[in-house]
Amino acid sequence: MPDLSTNSRAQLAQVEAVPGSSKPDPILTVDNITRRFGGMTAVDVAHVEVQRGVITALIGPNGAGKTTFFNLITGFDKPSSAPKLFGGPSRALAAKWVFNGRNMGNVGASKVAQLGMVRTFQLTKALSKLSVLQNMLLGAKDQAGENFFVALIKPLWIAQEKANTDKALELLERFKLLEKKDDLAGSLSGGQKKLLEMARALMSDPVMIMLDEPMAGVNPALTQSLLGHIQALRDQGTTVLFVEHDMHMVRHISDWVIVMAEGQIVAEGPAETVMSNKAVIDAYLGAHHDTDLGDDSLLDEGVSQTPEKVTKDPKIDQETHS
Amino acid sequence: MDGITKILYDMSAIALSPATAAFAIAAIGLNVHFGYTGLLNMGQAGFMLIGAYGFAISVMNGLPFWLSVLVAIAASLVFALILGIPTLKLRGDYLAIVTISAAEIIRMVGRSSVLNALTGGSNGITGNSYRDPFNSLSPFPDGQTTILWFTYDNTGVNGWWIRIVGWSLVAIFATFVWLLMRSPWGRVLRGVREDEDAVRSLGKNVFSFKLQSLALGGFLGAMGGVLYILPASLQPDSMGRSMTFFIWTALLLGGAATIFGPVLGSILFFALRIAVQGLAGLFIPSSIMNSQQTEQFSWIMVGVALMLLVIFRPQGVLGNKKELSFNA
Ligand SMILES: Nc1ncnc2c1ncn2[C@@H]1O[C@H](COP(=O)(O)OP(=O)(O)OP(=O)(O)O)[C@@H](O)[C@H]1O
Ligand SMILES: [Mg+2]
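Protein chains in written order, with this note's numbering: chain P, 59 to 380; chain D, 28 to 355.
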């Protein structure tokens with residue numbers, strides 16, 4: 059398996075760093091996906107591909123349309139450009155996205171997850187009145203006991219339940235939530251809910267996991283170990299697509315970065331290339347800003363009045379600058 | 028018998044009555060809907076009525092007993108599908124509106140004079156036109172039996188036979204729901220109650236689970252309806268909105284999202300109402316409240332009790348406050 063991932067990453071080196079560039083082995087291919095809210099166009103992506111077996115970051119300023127893009131791809135929202143029986147866009151211009159060789163246009167959200175594309179939410183959706191462990195178990199897929207008739211007879215599902223419980227406890231341990239396993243999920247802190255949601259998504263062994271700001275509100279020391287975990291997932295063959303505002307994290311773990319601004323893909327490429335890209339800097343900071351997004355002075359600038367509040371992890375810095 | 032003893036006797040008698048068992052079964056069904064899945068079914072009496080009509084009309088048309096029960100079940104499942112398919116994809120409030128209207132439609136259609144020949148119109152159907160096949164299943168000899176301070180016919184119109192069958196069904200259905208709710212299936216329902224989108228993102232077909240829940244609860248409602256009319260008669264107007272409202276009160280009193288809550292709630296609901304009525308009759312002079320008014324007073328107290336419950340103890344007697352609160 060590590061071969062697959064190393065190979066996939068090596069392939070990326072050949073890919074041209076332009077918006078919409080084609081990948082050697084895309085797991086997700088999106089065409090003409092548009093979403094309008096009233097007069098406002100939230101997402102307008104002409105073409106984008108996500109390489110299999112690598113970690114891809116989706117970045118962009120607030121309101122760029124990243125979450126909306128996730129919602130569209132995972133079946134939680136419908137594109138305005140969806141093909142219609144009558145009067146929709148012409149075939150060539152209609153929204154079309156293919157995941158793992160399968161056309162996903164009319165696939166509902168639950169089916170999308172069953173097919174292996176599992177997402178988390180920016181605003182966490184912990185099931186508050188279920189315990190942390192129950193939340194985790196709900197994430198496991200193909201449970202025999204979820205059939206009405208099988209459910210009645212415990213011996214038919216208890217073995218699978220035990221296996222799932224073991225797996226859940228292992229994940230909870232890794233996400234530092236093991237002591238909380240019997241607490242109601244509603245009693246967790248904001249950061250813990252983020253962790254629970256990510257751990258729960260992993261219960262189904264997704265083919266591709268889509269994380270919407272997974273590290274927002276998670277403390278830096280834990281972030282570090284979770285980044286390691288995400289890389290381990292990739293090395294086992296899972297494709298990761300994540301949205302994140304923390305540029306250090308983006309630089310640290312992503313193999314490829316896609317930049318959105320005002321609904322469109324404005325740049326693509328390896329982290330270093332992208333962060334010094336003119337279009338990206340314009341999108342983030344407005345035109346004519348003479349700097350690089352990876353530049354630490356940029357971070358310091360914003361907080362220069364209160365330097366004691368800067369909580370960067372020196373370890374990440376070292377690694378990324380080396 | 029002096030006043031207090033009579034009240035205590037009445038309370039124990041109603042606690043044991045088949046009507047209480049019928050309410051308990053309907054409340055178990057509503058608990059599957061509301062307590063476990065978060066579905067706002069405001070027409071549980073409609074499910075009872077459709078089960079009752081299905082059963083009574085089948086027997087009257089010569090179908091054997093068990094087939095008639097199957098007709099009642101099938102009718103309730105079809106009703107659940109008709110209500111669920113268009114509404115369960117919409118927000119929860121729509122189901123409430125649709126169920127309350129659908130239950131009223133069943134009642135209005137049933138009592139309309141056009142259907143006099145089939146449903147007896149607004150007079151309903153008398154008990155002896157559908158009761159015999161059930162009573163003939165009774166293994167008991169003729170005569171009366173006294174257990175504790177209760178003396179009833181062994182079989183009869185409203186005797187031990189219907190009580191034993193009724194409370195056995197309560198036990199069976201409560202066990203059935205317990206088996207389901209401890210399983211992964213029940214866990215998905217509870218997840219749906221909390222956040223449908225989260226459950227969807229984990230690959231569960233939320234619509235299908237909600238439909239299964241609606242059908243199961245509706246089936247239990249129909250069984251409650253059949254049991255409710257067996258010792259009495261089928262009166263469409265006594266199975267309307269107020270009945271739904273009483274089932275809700277019983278469920279919330281006992282505690283939603285618990286196995287015994289709906290059962291305890293139904294018993295308490297009837298026994299406490301009798302107590303209020305009896306005590307009012309004893310202690311309030313008839314110059315202030317006559318016996319008819321004490322009964323009305325006791326029903327008013329039911330409404331007051333429901334309001335107080337929702338405000339001060341939403342989890343009921345048995346419920347877990349953390350699991351059930353209305354500000355979800
Ligand atoms: N349901 C909605 N109705 C109307 N407008 C919406 C809706 N959802 C999103 N938008 C708009 O679409 C745009 C993109 O929103 P989106 O949430 O996708 O941004 P984002 O890139 O995820 O931002 P952030 O980084 O802040 O999470 C925003 O301008 C937002 O106001
Ligand atoms: Mg967002």
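Because the hints were derived from the structure by calculation, they are not lab data. Wrong hints could be hidden among the right ones.
Straight-line C-alpha distance at most 20 angstroms; calculated EDC-like pairs for lysine to aspartate or glutamate [what the hints assert, rightly or not]:
hint	chain 1	residue 1	chain 2	residue 2
1	P	K225	P	E237
2	P	K225	P	D240
3	P	K199	P	E228
4	D	K116	D	D224
5	D	K116	P	E219
6	P	K212	P	E231
7	P	K199	D	D169
8	P	K142	P	D200
9	P	K220	P	D240
10	P	K169	P	D263
11	P	K199	P	D224
12	P	K136	P	D200
13	P	K212	P	E237
14	D	K348	P	D89
15	P	K239	P	E271
16	P	K169	D	D224
17	P	K136	D	E131
18	P	K239	P	D224
19	P	K239	D	E322
20	P	K220	P	E237
21	D	K348	P	D135
Each pair of labels, with its calculated beta carbon distance range [as the list claims (entries may be wrong)]:
hint	chain 1	residue 1	chain 2	residue 2	range
22	D	L206	P	S80	34 to 40 angstroms
23	P	R94	D	S140	18 to 24 angstroms
24	D	K116	P	L143	57 to 63 angstroms
Selected chain D positions facing chain P (Cβ under 7 angstroms, derived; list incomplete) [claimed, not checked]:
hint	residue
25	L206
26	V215
27	Q239
We put the CB at the ideal spot given by N, CA and C, even for glycine.
Evaluation of the provided hints:
Pair hint K225 of chain P plus E237 of chain P holds up; C-alpha atoms about 15 angstroms apart against a cutoff of 20 angstroms. Our distance criterion of 20 angstroms between C-alpha atoms is met by K225 of chain P and D240 of chain P, whose separation comes to about 16 angstroms. For a cut-off of 20 angstroms, the pair hint linking K199 of chain P to E228 of chain P stands: about 17 angstroms separates their Cα positions. Proposed proximity of K116 of chain D and D224 of chain D is supported: the alpha carbons are some 12 angstroms apart, at most 20 angstroms.
This hinted pair does not check out: K116 of chain D and E219 of chain P have alpha carbons roughly 29 angstroms apart, beyond 20 angstroms. In summary, the hint linking K212 of chain P to E231 of chain P is not supported, as the alpha carbons are separated by about 27 angstroms, beyond the 20 angstroms threshold. Our distance criterion of 20 angstroms between C-alpha atoms is broken by K199 of chain P and D169 of chain D, whose separation comes to about 57 angstroms. With a C-alpha separation of about 32 angstroms, the suggested pairing of K142 of chain P with D200 of chain P is violated against the 20 angstroms cut-off.
Taking the CA atoms of K220 of chain P and D240 of chain P, the gap is near 16 angstroms; set against the 20 angstroms cutoff, the hint holds. Among the hinted pairs, K169 of chain P with D263 of chain P is consistent with the structure: their alpha-carbon atoms are about 15 angstroms apart, no more than 20 angstroms. As the CA atoms of K199 of chain P and D224 of chain P are separated by approximately 15 angstroms, the hinted pair is consistent with the 20 angstroms bound. As the CA atoms of K136 of chain P and D200 of chain P are separated by approximately 26 angstroms, the hinted pair breaks the 20 angstroms bound.
This hinted pair does not check out: K212 of chain P and E237 of chain P have alpha carbons roughly 27 angstroms apart, beyond 20 angstroms. Proposed proximity of K348 of chain D and D89 of chain P is contradicted: the alpha carbons are some 49 angstroms apart, above 20 angstroms. Our distance criterion of 20 angstroms between C-alpha atoms is broken by K239 of chain P and E271 of chain P, whose separation comes to about 23 angstroms. Restraint check: the Cα-Cα separation between K169 of chain P and D224 of chain D comes to about 13 angstroms, which is no more than 20 angstroms; the hinted pair holds.
For the proposed pair K136 of chain P and E131 of chain D, the alpha carbon gap of about 36 angstroms is over 20 angstroms, so the pair is violated. Of the supplied pair hints, the one linking K239 of chain P and D224 of chain P holds, its CA atoms being roughly 12 angstroms apart against a limit of 20 angstroms. The straight-line distance between the Cα atoms of K239 of chain P and E322 of chain D is roughly 51 angstroms, outside the 20 angstroms bound, and the hint therefore fails. Of the supplied pair hints, the one linking K220 of chain P and E237 of chain P holds, its CA atoms being roughly 19 angstroms apart against a limit of 20 angstroms.
A threshold of 20 angstroms between alpha carbons decides the hint, and for K348 of chain D with D135 of chain P the separation of about 35 angstroms lies outside it, so the pair is violated. Judged by the Cβ atoms, the range 34 to 40 angstroms given for L206 of chain D and S80 of chain P is violated: they are separated by roughly 53 angstroms. In this structure the hint that R94 of chain P and S140 of chain D lie 18 to 24 angstroms apart at CB is violated, the actual value being about 55 angstroms. Between K116 of chain D and L143 of chain P the Cβ separation comes to about 19 angstroms, which falls outside the hinted range of 57 to 63 angstroms.
Checking L206 of chain D against chain P by beta carbon gives a least distance of about 5 angstroms; that is within 7 angstroms, so the hint holds. For V215 of chain D, the interface hint holds, since its Cβ comes within 7 angstroms of a Cβ in chain P; the closest pair sits about 6 angstroms apart. A distance limit of 7 angstroms between C-beta atoms decides the matter here; for Q239 of chain D the minimum to chain P is near 6 angstroms, and the interface restraint holds.
When held up to the earlier numbered hints, the structure conflicts with 5, 6, 7, 8, 12, 13, 14, 15, 17, 19, 21, 22, 23, 24 and fits the remainder.
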